[in-house]
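A.B. asks: Following the hints, complete the assembly by docking chain B onto the known chain A.
So you can see what is in the structure, the chains are spelled out below.
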Amino acid sequence: MLLALPILVPLLTAILLHLLPQRSRLLRVVAFSGSLGVLIAAVWIFVLVQRDGFQVLQVASWPAPFGITLVADLFSAVMVVMVSIIGVAVTGSSFAGVDPRREALGFHPLIQVVLMGVAGAFLTGDIFNLYVWFEVMLIGSFVLMSLHRTRAQLHAAFTYVGLNLLASAFLLTAIGLLYGQAGTLNFADLARAWPERRTAGLDAALSMLFLTAFGIKAGLFPLFFWLPASYHTPPAAVGALLAGLLTKVGVYAMIRVFTLLFPDPKAGVYSVLLVLSAVTMVVGLIGALAQRDFRRVLSFNLVGHIGFTTVGLALWTPAALAGSILYVLHHMLVISTLFLVSGLFLRQRRTTDLAALGGLYRSQPGVACLALVPLFSLAGIPPLSGFIAKLAVVAPMVGARQYLLAAVALSVSLLTVLSMARLWEESFWKPAAASTSSSVAQPRLGVAILTPIAFLVSLTIGLTVLAGPVSTVTARAAEQLLDRNAYVRAVLGQGALRAGR
Amino acid sequence: MELLLAIVAGVLYASGLYLMLRRRLAQLIIGLGLLSNGSNILILSAAGVTRARPPLMTPGVSGDQLADPVPQSLILTAIVIGFGVLAFSLVLAHRVHQSTASDDIDAIGSDAARALSDKPDPL
Numbered sequence: 001m002l003l004a005l006p007i008l009v010p011l012l013t014a015i016l017l018h019l020l021p022q023r024s025r026l027l028r029v030v031a032f033s034g035s036l037g038v039l040i041a042a043v044w045i046f047v048l049v050q051r052d053g054f055q056v057l058q059v060a061s062w063p064a065p066f067g068i069t070l071v072a073d074l075f076s077a078v079m080v081v082m083v084s085i086i087g088v089a090v091t092g093s094s095f096a097g098v099d100p101r102r103e104a105l106g107f108h109p110l111i112q113v114v115l116m117g118v119a120g121a122f123l124t125g126d127i128f129n130l131y132v133w134f135e136v137m138l139i140g141s142f143v144l145m146s147l148h149r150t151r152a153q154l155h156a157a158f159t160y161v162g163l164n165l166l167a168s169a170f171l172l173t174a175i176g177l178l179y180g181q182a183g184t185l186n187f188a189d190l191a192r193a194w195p196e197r198r199t200a201g202l203d204a205a206l207s208m209l210f211l212t213a214f215g216i217k218a219g220l221f222p223l224f225f226w227l228p229a230s231y232h233t234p235p236a237a238v239g240a241l242l243a244g245l246l247t248k249v250g251v252y253a254m255i256r257v258f259t260l261l262f263p264d265p266k267a268g269v270y271s272v273l274l275v276l277s278a279v280t281m282v283v284g285l286i287g288a289l290a291q292r293d294f295r296r297v298l299s300f301n302l303v304g305h306i307g308f309t310t311v312g313l314a315l316w317t318p319a320a321l322a323g324s325i326l327y328v329l330h331h332m333l334v335i336s337t338l339f340l341v342s343g344l345f346l347r348q349r350r351t352t353d354l355a356a357l358g359g360l361y362r363s364q365p366g367v368a369c370l371a372l373v374p375l376f377s378l379a380g381i382p383p384l385s386g387f388i389a390k391l392a393v394v395a396p397m398v399g400a401r402q403y404l405l406a407a408v409a410l411s412v413s414l415l416t417v418l419s420m421a422r423l424w425e426e427s428f429w430k431p432a433a434a435s436t437s438s439s440v441a442q443p444r445l446g447v448a449i450l451t452p453i454a455f456l457v458s459l460t461i462g463l464t465v466l467a468g469p470v471s472t473v474t475a476r477a478a479e480q481l482l483d484r485n486a487y488v489r490a491v492l493g494q495g496a497l498r499a500g501r
Numbered sequence: 001m002e003l004l005l006a007i008v009a010g011v012l013y014a015s016g017l018y019l020m021l022r023r024r025l026a027q028l029i030i031g032l033g034l035l036s037n038g039s040n041i042l043i044l045s046a047a048g049v050t051r052a053r054p055p056l057m058t059p060g061v062s063g064d065q066l067a068d069p070v071p072q073s074l075i076l077t078a079i080v081i082g083f084g085v086l087a088f089s090l091v092l093a094h095r096v097h098q099s100t101a102s103d104d105i106d107a108i109g110s111d112a113a114r115a116l117s118d119k120p121d122p123l
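Just so you know, the protein sequences line up as chains A and B, in that order. Residue 1 is where the first sequence starts when you use my numbering, and the numbers rise one by one after that. Residue 1 is where the second sequence starts when you use my numbering, and the numbers rise one by one after that.
Don't take every hint at face value.
[To be verified] For the chain A half of the interface with chain B, some residues (derived, Cβ under 10 Å), not all of them:
1. 104
2. 105
3. 106
4. 138
5. 154
6. 177
7. 180
8. 455
It is worth saying that the hints were derived from the structure and are not from the lab. The beta-carbon is built from N, C-alpha and C at its ideal position, and this holds for glycine as well.
Just chain A, with the same shape it has in the complex (with noise of 0.2 Å):
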């Protein structure tokens, strides 16, 4: 019952949320709880698989390989935290203001279905079941992005839309044609009985189309374009919550279905995205050098940046696995503060254009500083949690003597510091534009806003302080993840493996 919990605790908050009175101050209330009820059971399922590992649910008890089950290993309990975590900071910076327009089309119910749809894609242990839950966190998603009514949010959700929607139907196909072989959607069962019915070119075009889908929804070269065209637009809160959850879910997709069903690591799809990997970060920081606004900048960095997640898979090692584990929840920390951070920018100036920015360094000297933890952190300055992260991915490609991939990895990080340097001198160390400083009351952060920026800036703090702690907790996930066996057994039961042969 408790695995769960945080599908349930949205869905149940997004219904009431539709039932009670409209009246905002309820509403970011009812919201705010409701993140925060995730918080705790994922806390709590993180806990039992910490002490007990897998925590396995079979929904309406139906035995495993005929109905939908809900598996947690430590990966999955990770994420779910991670997502509890970002879903607090968004719905906790709604208090700050929303759009009141915004507000009554539905905002607070559509922030929780994402949340749903996320933590139910991280849960699952059906892949068809996988399918569905990106389905509900991409309607909530198009919604989100399509609450306004300026051409531009309309375009970029066309944008957003279409690729999406064509990565859905790759999904599908790939699921159809792996039914068609295995005869099973569970997880558990494709990984026991699909390695001896699978052939060479099957096997192939399979992981090719699932390489096509999930590389769509992380944001992979050549598949990202949907990315930096559409995340600029939308609310800061909505920025935040998109770039720090579903391209990471489209990178969870990718480890856990080729960890599970294609388990030879000298198969030619890994040597593929071992390619798309190093080109997704140069050509992702280098875009990233060309823009001249503060979330586009972020845009490219997140492209850039899935690079750095997904290499690990392609190595194939426990520890560069670990790494691309440490380095997703790094990831996933900073990016949304930094889109919060935007939010500030929007506030106050209206606009997120680095040329009309500038001048808070003397203003708020306080709130420069706090944008620099989340900023130097992305940039993996030591010794915040973006060096550590980048050390963990980074080390183990020595290790496996891809020492032109290592230095690829390294010039890409010197790109992201030079980026973040110029999107902090940029955004506060210079002094206000002419224009802006001339026109009326700017008004100053408040409380609101910054609580929930602050909240995340310490938790990332806290994975830098805490950096022994977290990497047991991603090595020993990343040996679960090349564990197989000890999935089957899990989900199936002990006798499952002999059983099979």
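C.D. replies: Positioned in the frame of chain A, the structure of chain B alone reads:
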């Protein structure tokens, strides 16, 4: 029968992808619809087609003589999801058309870039 279904699925995929590569909103949406129908037919044929053996257990019939009900339920789910998504994209396209009086995706995009720099974005 399976050959016919495979050809139909292939034609649906090809025409769906061709329409999605066009620049018109309406064609993009029709393409999406064709693509999702193509994948439904693919699921049906990949899982094996049986003739006139509905998956209903009656005494004296063993399970492996019947059609597999799972692909059918998958397709049913996919149709429902596809329908919802299609309805949403139609509404979205309608709103794009209302606010831009154009259904050329690229033209909307270039106007959008200008509109973004002119008009500040409300929080």
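A.B. asks: Work down the list of hints and note, for each, if the structure agrees.
C.D. replies: Cross-check of the supplied hints:
{"no.": "1", "hint": "104", "result": "violated, 14 Å"}
{"no.": "2", "hint": "105", "result": "violated, 13 Å"}
{"no.": "3", "hint": "106", "result": "violated, 14 Å"}
{"no.": "4", "hint": "138", "result": "holds, 8 Å"}
{"no.": "5", "hint": "154", "result": "holds, 5 Å"}
{"no.": "6", "hint": "177", "result": "holds, 5 Å"}
{"no.": "7", "hint": "180", "result": "holds, 3 Å"}
{"no.": "8", "hint": "455", "result": "violated, 19 Å"}
Checked against the numbered hints above, the structure violates hints 1, 2, 3 and 8; every other hint is satisfied.
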